[in-house]
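Here is how the chains run, residue by residue.
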Amino acid sequence: MNDTVKLPASLTGNPRLDRWVKFEDDRTVRVASGKVEIGQGIVTALAQIAADELDLPLNRVTLLSGSTEHGPDEQYTSSSLSIMVSGASIRLVCAEVRALLTEQAALRLNCSPEDLIVSDGAFVRDGAPTGLDYWDVAPALDLSRAPTGRAKPKAASAYRLVGQDVPRADLPGKVCGAPDTYLHDMRPAGAVHARTLRQPNPGAVLTDLDEASVRRASGDPALRIVRRANFVAFVSQSERAAEAAAVHAESNATWSGLRDLRGPEQEGGWLVGRPAELREIGAPTANTSGATMIEATYTRPYIAHASMGPSAGVALYDGETMTIWSHGQGMHPLRKNIAEVLGLDPAKVVCHHRHGPGCYGHNGADDAALDAGIVALALPGETVRLQWRREEEFAYEPVSPAMSVTVKVALDAAGNPTDWTQEIWSASHVQRPGSGSGYLLASEALENPPGPVKVTDPPEERGGGGTRNAVPLYRMAAHRIRHHLVTQGPVRTSALRGLGAPTNVFAMECMMDELAARAGKDPLAYRLALLDDARARAVLERTAAMSGWAKRGKGGEGKGLGIAFARYKNMAAYSAVAVAVTVDEEVRLDHVWSASDAGLVINPDGARNQLEGGIVQAASFALKEQVRLEGSGIASRDWDAYPILRFSEIPPVDVEVIGSADDPALGMGECTVGPTCAAIGNAVAHALGRRIYDMPLNRERIMAALLA
Amino acid sequence: MSGSNTLTVNGKAFSLPDHVTPDTPLLDILRNTLGLTGTRFGCGLEQCGACMVLVDGQPVQACNAALDSVAGKAVTTIEGLAGPDGKLHPLQQAFLDEQAGQCGYCLSGILMAAKALLDRNPAPSRTEIAAALDANLCRCGSHIRILKAVERAAATLRAEG
Ligand code: FES
Ligand code: FES
Chain A
2 MNDTVKLPAS LTGNPRLDRW VKFEDDRTVR VASGKVEIGQ GIVTALAQIA ADELDLPLNR
62 VTLLSGSTEH GPDEQYTSSS LSIMVSGASI RLVCAEVRAL LTEQAALRLN CSPEDLIVSD
122 GAFVRDGAPT GLDYWDVAPA LDLSRAPTGR AKPKAASAYR LVGQDVPRAD LPGKVCGAPD
182 TYLHDMRPAG AVHARTLRQP NPGAVLTDLD EASVRRASGD PALRIVRRAN FVAFVSQSER
242 AAEAAAVHAE SNATWSGLRD LRGPEQEGGW LVGRPAELRE IGAPTANTSG ATMIEATYTR
302 PYIAHASMGP SAGVALYDGE TMTIWSHGQG MHPLRKNIAE VLGLDPAKVV CHHRHGPGCY
362 GHNGADDAAL DAGIVALALP GETVRLQWRR EEEFAYEPVS PAMSVTVKVA LDAAGNPTDW
422 TQEIWSASHV QRPGSGSGYL LASEALENPP GPVKVTDPPE ERGGGGTRNA VPLYRMAAHR
482 IRHHLVTQGP VRTSALRGLG APTNVFAMEC MMDELAARAG KDPLAYRLAL LDDARARAVL
542 ERTAAMSGWA KRGKGGEGKG LGIAFARYKN MAAYSAVAVA VTVDEEVRLD HVWSASDAGL
602 VINPDGARNQ LEGGIVQAAS FALKEQVRLE GSGIASRDWD AYPILRFSEI PPVDVEVIGS
662 ADDPALGMGE CTVGPTCAAI GNAVAHALGR RIYDMPLNRE RIMAALLA
Chain B
792 MSGSNTLTVN GKAFSLPDHV TPDTPLLDIL RNTLGLTGTR FGCGLEQCGA CMVLVDGQPV
852 QACNAALDSV AGKAVTTIEG LAGPDGKLHP LQQAFLDEQA GQCGYCLSGI LMAAKALLDR
912 NPAPSRTEIA AALDANLCRC GSHIRILKAV ERAAATLRAE G
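Chains as they are written, first to last, in the numbering used here: chain A, 2 to 709; chain B, 792 to 952.
One or more of the hints may lead you astray.
Said to hold, decoys possible - Computed, partial: chain A to chain B, Cβ under 8 Å:
no., residue
1, Trp136
2, Arg169
3, Gly178
4, His185
5, Asp186
6, Asp261
7, Ser308
8, Glu613
9, Gly615
10, Val617
11, Arg647
12, Ser649
To be verified - Quick list of the computed label-pair ranges, beta carbon to beta carbon:
no., chain 1, residue 1, chain 2, residue 2, range
13, A, Ala141, B, Gly874, 45 to 51 Å
14, B, Gly874, A, Arg31, 31 to 37 Å
15, B, Gly874, A, Glu25, 31 to 37 Å
16, A, Gly174, B, Lys864, 25 to 31 Å
17, B, Lys864, A, Glu25, 53 to 59 Å
18, A, Gly220, B, Pro875, 56 to 62 Å
19, A, Asn571, B, Gly874, 50 to 56 Å
20, B, Pro875, A, Ala379, 43 to 49 Å
21, A, Gly264, B, Ser806, 49 to 55 Å
22, B, Ala862, A, Gly220, 18 to 24 Å
What the hints assert, rightly or not - Here chain A is said to cover these stretches of chain B; the calculated rule only asks that three of the stretch's residues, wherever they fall, bring their Cβ under 8 Å from a Cβ of chain A:
no., segment
23, 818-832
24, 838-846
25, 870-883
26, 929-941
For the record, the hints were derived by calculation from the structure and aren't laboratory data.
We put the beta carbon where it would ideally sit given N, CA and C, even for glycine.
Take the sequences, apply the hints, and build the full model.
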């Protein structure tokens, strides 16, 4: 059939309608997604899509997310892909199910399917109820079949709920402190609490631990210690005792094979020249002899996810099946990874997702789930609730890699770029077990640590990792990326909001300002003259208008206004951000404006929430954040050592969502992050009359720039 | 057998079991003894505000407040913010109206800090709200909506008189 719709990857990977949709006895419909709620409102948005396709009100749709038992396998929730991929799958499945049910009803009513419409799940014919509804006819349908893609989803003009501001379903419980809101709140009857003693670095060997003194320090004479090779956990009825044991053990354990980091490793610039795999992507190196060449290097340090709550996991092994509750971002991969490390049949591991504190990438959640699993395996029949300490979270979660990005540009006589090279040094941005080159943390400490893994980064067709957003959208003859994937870094790295995009956009968009200045042009006008994509121009023009760009002064007096643009991954949402700053010894954000175009927006208010959050988080990255490395690893282990932006530092932020509902929905969770970093860089340069090339743009850097 | 320690939370007096000692942190008692898990553990270091509760109306970080420091005082937690009839406090309603929050992990502590502010200053400026919330961290960047929500709640409370 040539009018079938191309099935998205989530659907071809889970080709059974009943993995997605189930008609419940209470006349609701349960729609399942492998994507999970990470504070981004995805559950609400997917329910809106399903309700629209099924012609149901929202209160008849419940969304089951992240269950290896009942739901589809959609790998990880990441990269702003949920609406694009899971949303498209749910839309197709629901359209097909509605069509099948309508055919079934028509058969029973002896009419044509076209004669029936659906209202609140009931079939209506000629304006009169037929006495049949979805739940009456559903039992006659076998939904264990594969979707065909032959039912056409609704046209955008027919949406009732998609495109409306729908309040988040999870928020009422969260403002009331309702029980069992987060995984961390689970306290099944008889559950025991656990904390770990972490292996300080891979390869370190625990040579001495005085268990008697740990037990004394815990205050619980019955404290149990689960020990396997270099993995140790302390288990008690009392959470406080388990915590005290871990604190004492950490300061009293003796290890051999400790690393000795000295500090320089914590800077992006340290990466240059380290062992790496080099790839050249794009146009062959051009002969630029005779052209004016401009070159500058921009860096960013390691950044922590710094989730508000430390990672936790709950596990119960009944002697046969291991059940895990986790706030990780992918339950199917977690099941496979945990089964592998614990030597269990994957069919005997069940993983359930529970809400956690937002982390915007791959933090310690999966690792804590394995920790809990290891302890549960040793204590069959007991539910183990294992939580990391705050210091443990900062010290052992994978961090977002530091980067060094050198931009080399050839200019024509008018000062416009003709050739662009973005040369990147970075460790891997995705070491999620099962999808990248990583492994679960505790597997390093067990009897047979994993051998060296081949270091990989996401491929360019999925947006790249270190190379994300390294291709300029500005008109020029040729461009290329030189990507040095650093294979031996000082610290475990993995995904954080935007992967390489914040640094690449910072480098590219700061360079654009430098080029505009050389050409004697206004930075906005310079960009617009080089952009052919109308949607790109529109977000820039709107943002500029919001910020009063036309009245932008000469700068240099401590007040600055900067602007920057990117289309996330060069294929998701378009976004521009303008930032006004005052700089004395520190950067003070005075105002932020941003316009974004994500095509069809499922829940506009939810989208604005994400855009605002991205701006604030990116401002925090750009101004304050740096993981400190010293000794065996990460030395910044609390909020004093790792400050983030606070309420008193938050400027007014105005965001607008522009763009047309006729354009397909584009992921937008991360689109403001890169432009915010770059707009801050440009605003500070405007305020100071000189540029700072290294994030964070903190007090030391400002003082150094002022004294230079 | 219940021990000699008692604690008043959200207007109810609890007598605490023997394993709770005068130096037990309030947060541990709330979450593990009383089952009031709405107050969050964030750091245990008095650095993040996730564990904020009110003690005699003052915002206190419960993670390091020992039981004996709150003995005889009235503790209010997020579970005690809504009315006894379940009617949301204007702050909670304002947070819903503004959709202020993403993951929501920080919200219990922030709501309690905001309650303490509005109790002593019914008409705070944006700067005063930010100052009152400065001990509370939020990783999701929900600050903008949270500030608006506190302003909205203040207006509601003033209108209600
Ligand atoms: S948990 Fe008490 S301040 Fe962080
Ligand atoms: S909403 Fe996630 S930490 Fe504040």
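Now for the hints, and whether the structure bears them out:
With 8 Å as the threshold, the beta carbon of A/Trp136 stays out of range of chain B, its nearest partner Cβ sitting at about 31 Å, so the hint is violated. A cut of 8 Å between beta carbons decides the hint on A/Arg169: the least distance to chain B is about 6 Å, and the hint holds. Of the supplied interface hints, the one on A/Gly178 holds, with its beta-carbon coming within about 2 Å of a beta-carbon of chain B, less than 8 Å. Hint on A/His185 holds. Least Cβ distance to chain B is approximately 7 Å, under the 8 Å limit.
At its closest, the beta carbon of A/Asp186 sits 4 Å from a beta carbon of chain B; the interface hint therefore holds under the 8 Å criterion. Nearest Cβ of chain B to the Cβ of A/Asp261: about 27 Å, over the 8 Å cut. The hint is violated. Nearest Cβ of chain B to the Cβ of A/Ser308: about 6 Å, under the 8 Å cut. The hint holds. Satisfaction of the interface hint for A/Glu613 is found here, the shortest Cβ-Cβ separation to chain B being roughly 5 Å, below the 8 Å cut-off.
Taking 8 Å as the C-beta cut-off, the interface hint given for A/Gly615 holds, the closest approach to chain B being about 7 Å. Proximity of A/Val617 to chain B holds as hinted, the smallest CB-CB distance being about 3 Å (cut-off 8 Å). With its C-beta approaching chain B no nearer than about 5 Å, A/Arg647 sits inside the 8 Å limit, and its interface hint holds. For A/Ser649, the suggested interface contact is upheld, since its CB lies about 5 Å from the closest CB of chain B, less than 8 Å.
Taken as a hint, the range 45 to 51 Å holds for the pair A/Ala141 and B/Gly874, whose Cβ atoms sit roughly 49 Å apart. Our hint of 31 to 37 Å for B/Gly874 and A/Arg31 holds, since their Cβ atoms are close to 33 Å apart. For the pair B/Gly874 and A/Glu25, the beta carbons lie near 33 Å from each other, so the given range of 31 to 37 Å is met. Distance hint check for A/Gly174 and B/Lys864: the Cβ-Cβ separation is about 28 Å, which falls inside the suggested range of 25 to 31 Å.
A hinted range of 53 to 59 Å is violated for the C-beta pair B/Lys864 and A/Glu25, which are about 48 Å apart. Take A/Gly220 and B/Pro875: their Cβ atoms lie about 37 Å apart, and the range 56 to 62 Å is violated. For the pair A/Asn571 and B/Gly874, the supplied restraint of 50 to 56 Å holds, since their beta-carbon distance comes to about 52 Å. Range check, B/Pro875 to A/Ala379: about 45 Å between beta-carbon atoms, so the 43 to 49 Å window is met.
One distance hint, 49 to 55 Å for the beta-carbon pair A/Gly264 and B/Ser806, holds here, with the actual separation near 53 Å. Checked against the given bound of 18 to 24 Å, the beta carbons of B/Ala862 and A/Gly220, roughly 20 Å apart, stay inside it. Residues of the segment 818-832 of chain B with a Cβ under 8 Å from some Cβ of chain A number 10, which satisfies the need for three, so the listed coverage holds. Check on the segment 838-846 of chain B: 3 of its residues sit with their Cβ under 8 Å from a Cβ of chain A, so the three-residue criterion for coverage holds.
For the segment 870-883 of chain B, the assignment as covered by chain A holds, since 5 residues bring a beta-carbon within under 8 Å of that chain's beta-carbons and 3 suffice. Proximity of the segment 929-941 of chain B to chain A, defined as three or more residues with a beta carbon under 8 Å from a beta carbon of that chain, is established by the 10 residues found.
Hint violations for this structure: numbers 1, 6, 17 and 18, all remaining hints satisfied.
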